[in-house]
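K.L.:
Here is how the chains run, residue by residue.
2 protein chains.
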Amino acid sequence: MSLLTVGSVAFDAIETPFGKTDKIVGGAGTFIALSASNFVKDQRIVSVVGEDFPQETLDILSSKGVALDGLQIKKGEKTFFWSGRYHNDMNSRDTLVTELNVLENFDPIIPESYQGADYLMLGNLAPAVQRQVIERLNTRPKLIAMDTMNFWMDIAMDDLKQTLGMVDVLIINDEEARQLSGEYALVKAAKVIRAMGPKTLIIKKGEHGALLFHGENIFFAPALPLEEVFDPTGAGDTFAGGFIGYLAATDDISFDNMKRAIIAGSALASFCVEKFGTQRLLEISRADIDARIEEFVHLTNFEMTTVIG
Amino acid sequence: MSLLTVGSVAFDAIETPFGKTDKIVGGAGTFIALSASNFVKDQRIVSVVGEDFPQETLDILSSKGVALDGLQIKKGEKTFFWSGRYHNDMNSRDTLVTELNVLENFDPIIPESYQGADYLMLGNLAPAVQRQVIERLNTRPKLIAMDTMNFWMDIAMDDLKQTLGMVDVLIINDEEARQLSGEYALVKAAKVIRAMGPKTLIIKKGEHGALLFHGENIFFAPALPLEEVFDPTGAGDTFAGGFIGYLAATDDISFDNMKRAIIAGSALASFCVEKFGTQRLLEISRADIDARIEEFVHLTNFEMTTVIG
Chain W
2 MSLLTVGSVA FDAIETPFGK TDKIVGGAGT FIALSASNFV KDQRIVSVVG
52 EDFPQETLDI LSSKGVALDG LQIKKGEKTF FWSGRYHNDM NSRDTLVTEL
102 NVLENFDPII PESYQGADYL MLGNLAPAVQ RQVIERLNTR PKLIAMDTMN
152 FWMDIAMDDL KQTLGMVDVL IINDEEARQL SGEYALVKAA KVIRAMGPKT
202 LIIKKGEHGA LLFHGENIFF APALPLEEVF DPTGAGDTFA GGFIGYLAAT
252 DDISFDNMKR AIIAGSALAS FCVEKFGTQR LLEISRADID ARIEEFVHLT
302 NFEMTTVIG
Chain X
2 MSLLTVGSVA FDAIETPFGK TDKIVGGAGT FIALSASNFV KDQRIVSVVG
52 EDFPQETLDI LSSKGVALDG LQIKKGEKTF FWSGRYHNDM NSRDTLVTEL
102 NVLENFDPII PESYQGADYL MLGNLAPAVQ RQVIERLNTR PKLIAMDTMN
152 FWMDIAMDDL KQTLGMVDVL IINDEEARQL SGEYALVKAA KVIRAMGPKT
202 LIIKKGEHGA LLFHGENIFF APALPLEEVF DPTGAGDTFA GGFIGYLAAT
252 DDISFDNMKR AIIAGSALAS FCVEKFGTQR LLEISRADID ARIEEFVHLT
302 NFEMTTVIG
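Residue numbers (our numbering), protein chains in the order written: chain W, 2 to 310; chain X, 2 to 310.
There may be inaccurate statements among the hints.
All copies of an identical chain are treated as equivalent in the list; a pair is satisfied when it fits inside any one copy or across any two copies.
The list that follows gives simulated cross-link-like pairs (lysine to aspartate or glutamate, EDC-like), each with its CA atoms no further than 16 Å apart [to be verified]:
1) K21 with E217
2) K192 with E228
3) K65 with E100
4) K192 with E296
5) K206 with D155
6) K189 with E208
Hint data in this document are derived by calculation from the structure and do not stem from the laboratory.
Computed from a prediction, not measured in an experiment: that's the story for all the values here.
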């Protein structure tokens, strides 16, 4: 099945306790598309970059089956740029620079060739832009998933709630879930958020794994215990891309398959953090991913067979 | 198989955002013994209380198969008392009062009838006292597990290291693992700590579950996502009691069985936090525990069967 991905294609400059980068390629759309391309072969991206964006990255996306007809290249303009510095524990970061550039007036134009996409992943963007994408599709995709962040809860909560009412799956982190719901306990937060629209909710807890709320069911996926997190940038988007890519490739949105999709997303995220930016995602093979998924099976598998007492 | 449990039998006074208690029965030894008694029928406890300790609680322990020959009752003295107040997030707490009383000069006498115990659980106590217990056993138990806390790392690190060199399993929380090892990443911390002695290490992460390090293997057990944590006091000891009780009852210290034992311990801990003190542990039946264990199976179970790509 086909996947339509909407999200920023951008530059990042990153400082971690392990080192720093100049401007490197990043952006939610980039991480989602690269991650999903490991599973789904028919992918389309809607985004915008400036004239300064490297053709090499566009060629890589093309080579991975990502159609670029909806990737606008704005002559004489600059690509979205974010710069941040991670703290020693890698769990928090400071934003040093945000230059919206081409994203400031982003009009998400959907090429005719993109119509009829089966799955839609809305990366973190202004909720009004996310909604525009949904409204511009002639047929509703089989499944719409979206990401968002605290920033939009602070400045565009009404917009956000409107968009939440139109999607099937929301993927956010624990802090965002608490802010969105006003509840501390994640089980309570999930109830409040799912009443806003999304039937399925995934709460990412970073190194503590992720929770999937779907129907009456809860599934918990751990994160792989890692010796070192080199650079967390893009890990959440990589997770989302692996999740939606797996669903689109298998075309099965049952709870059981969503569990597999979360494990697939977690495996890809565990690679993402091993090097700066998209570097590690460009190196790994399908065999690497399968081996990593096998590690998740070993990490969590148990059988309560013994009867005692 | 038989289990020897060593740990405080005490009074607690607890304040949480949900309410407060007067002096109620608590103590690591109490929680461990009550929890383990759900699995192991031949249990012995070494501890000390004052004259003020209620006979009713001793009768309950007896009725659950816990031998009390090694529970010293000090005439004219008072039972160990701890009082604390939990913060709103329930993840941190302030100690309001600590009265050591009978624990100050605790001499852990092992009755002759206790010799030959197959499994030993050393609840959090001064490391020198924990070591004394091991040294006073005529035959080494098949498995020795221990708990400890930051306090002993601060004031008795040499003692602690000596005791760590004598045990098989250490059960501590993530913060304690970081302090003990000087490493932030838990995978690294585990390496450092296991080099100190314990071949098996369990790191408890509260609401984020627990990690088991054993041989070359890592197992991750989630905590049950709860709507409300009413009182976390004793949850860690209840977890440890369920773990060691399950191992002793099944007499199987393989990695696979340790995984089951951790699930059993997690299930019991999830009950413990539902009411103040030991209250909930005294209400539950074996059927309740089995149903809770089944919830853990549903929470984490997945099968990566679909082949795609």
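K.L.:
Against this structure, judge whether each hint is valid.
P.N.:
Outcome of the hint check:
With identical chains, the CA atoms of K21 and E217 are never at most 16 Å apart, being 44 Å at best within one copy and 33 Å at best between copies. In the homo-oligomer, the alpha carbons of K192 and E228 lie at most 16 Å apart only across protomers (10 Å), although the nearest pairing inside one protomer, at 34 Å, exceeds that limit. Taking identical chains as interchangeable, the C-alpha atoms of K65 and E100 are never at most 16 Å apart, the minima being 28 Å within one chain and 67 Å between chains. In this assembly of identical chains, the alpha carbons of K192 and E296 never lie at most 16 Å apart, being 32 Å within a copy and 19 Å across copies at closest.
With identical chains, the CA atoms of K206 and D155 are never at most 16 Å apart, being 21 Å at best within one copy and 31 Å at best between copies. For the homomeric pair K189 and E208, the shortest alpha-carbon distance between copies (14 Å) is at most 16 Å, but the shortest distance inside one copy (21 Å) is not.
Against the hints set out earlier in the document, violations occur for numbers 1, 3, 4 and 5.
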